[in-house]
Amino acid sequence: MKEEGVLFHAKHAFMPNSLGYCGPDERGQIQRDLERGKTDEELVQTLQKFEAAYPFLRLIARSTGRDVFDYSVPEAYWIGNELLRKVPVTEFYSFSHHELKGRDPARVKEVFRKLEGAAPPHHSFYVMSTYATAAVPDGPNVTNEAGRKIAEVIDNCRISWGTVRKIWDRELQVEVRPVQIDEGSLSLAPPAVKRVRYNPEVRPFETVRLGDVVSLHWNYACDVLTARQVKNIQRYTDADIRLVNRATKAGHSRE
Amino acid sequence: MCVTRAGRVVSASKGKARVEFFDGRALDDVDISVVNAKKGAFVEVFGNLALGILSPAEARRRKEVWAEVAKAIGEVRN
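Each protein sequence line maps, in turn, to chains A and B. So the first sequence is numbered by the working numbering: it starts at 1 and just counts up by one. So the second sequence is numbered by the working numbering: it starts at 256 and just counts up by one.
Be a bit skeptical, because a hint or two may be false.
[Said to hold, decoys possible] Keeping only pairs whose Cα atoms sit at most 20 Å apart, straight-line, the calculated PhoX-like set for lysine-lysine is:
1. A:K249 / A:K109
2. A:K149 / B:K318
3. A:K49 / B:K293
4. B:K269 / A:K149
5. A:K194 / A:K149
6. A:K38 / A:K49
7. B:K271 / A:K149
Quick caveat, the hints were computed from the structure, so don't treat them as lab data.
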């Protein structure tokens, strides 16, 4: 179970690490282990060096009495599952101030206040709330071009999902619903197709099929989702969007 | 996942910049067009997009936070 959890976590953490956006400079090792389909202590130690993802796993694990790399823990964080409801918001609030570094404490506090205890420790919520917590010039009233760029970075950084429509050697055409910002509110745009990368040497992509739904991170197909996971990622993403819109509705958090 | 990181623009051209972050790393292709940052500015970056400009005082505070992060990363293995 732990090996499954480590690999699931590594699959979703791989691409932003590879791009240099987070974690240690160990992309070669992560890719090697994903292709081998095996974990070892070295990979676990590498994943523990991620500045935000690993602390989130620890939060979910200690709040639910699970091992950090029990499959359900990284699944809750990246995709969403019932464990998210078991993390007390007071724990998440305390965690956001004391363990999750790099954000403006005043803005974090404001988001929690506006959401009145509804914030989940879900990766997409973390990503989307950046829109509410970063010092974005003009806040929700960003120009179309700036709004497009912000929506694009949110869309790339959240875990999204896509239905496979075409398969090439190392690329897939997937049908997705990207994040858009319209009059200051986040929403999912109508379906569109795009090309993403995948690694056919990472299981289960050697058997990826048309119609499969895959999780996506920075235009990279991380895993093939089960029907339950598809339902969950849609449900939790919708909830994240509603929450972030609520947090920004009463006025942007810029101070 | 992406982390909101703070750093300084060390060179800028045509809406792109090299940003050196307080965590010791750097990125060459940060999009600074949303915040219109200039060389020397302190910026808040998410992924490869600069989302905000930080005052020197706020930048100093973030630098201290990142020093704590580096220390914490050494402790998380326990």
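Cross-check of the supplied hints:
1. Between K249 of chain A and K109 of chain A the alpha-carbon distance is near 16 Å, which keeps this suggested pair within the 20 Å criterion.
2. For a cut-off of 20 Å, the pair hint linking K149 of chain A to K318 of chain B is broken: about 26 Å separates their Cα positions.
3. The hinted pair formed by K49 of chain A and K293 of chain B fails the criterion: a straight-line CA distance of about 32 Å is larger than 20 Å.
4. As the CA atoms of K269 of chain B and K149 of chain A are separated by approximately 15 Å, the hinted pair is consistent with the 20 Å bound.
5. For the given pair, K194 of chain A sits about 17 Å from K149 of chain A by alpha-carbon distance, which is consistent with the 20 Å threshold.
6. The hinted pair formed by K38 of chain A and K49 of chain A meets the criterion: a straight-line CA distance of about 19 Å does not exceed 20 Å.
7. A hinted pair counts as satisfied when its Cα atoms are at most 20 Å apart, and K271 of chain B with K149 of chain A qualifies at roughly 13 Å.
Hint compliance for this structure: hints 2 and 3 are not met, and every other hint is.
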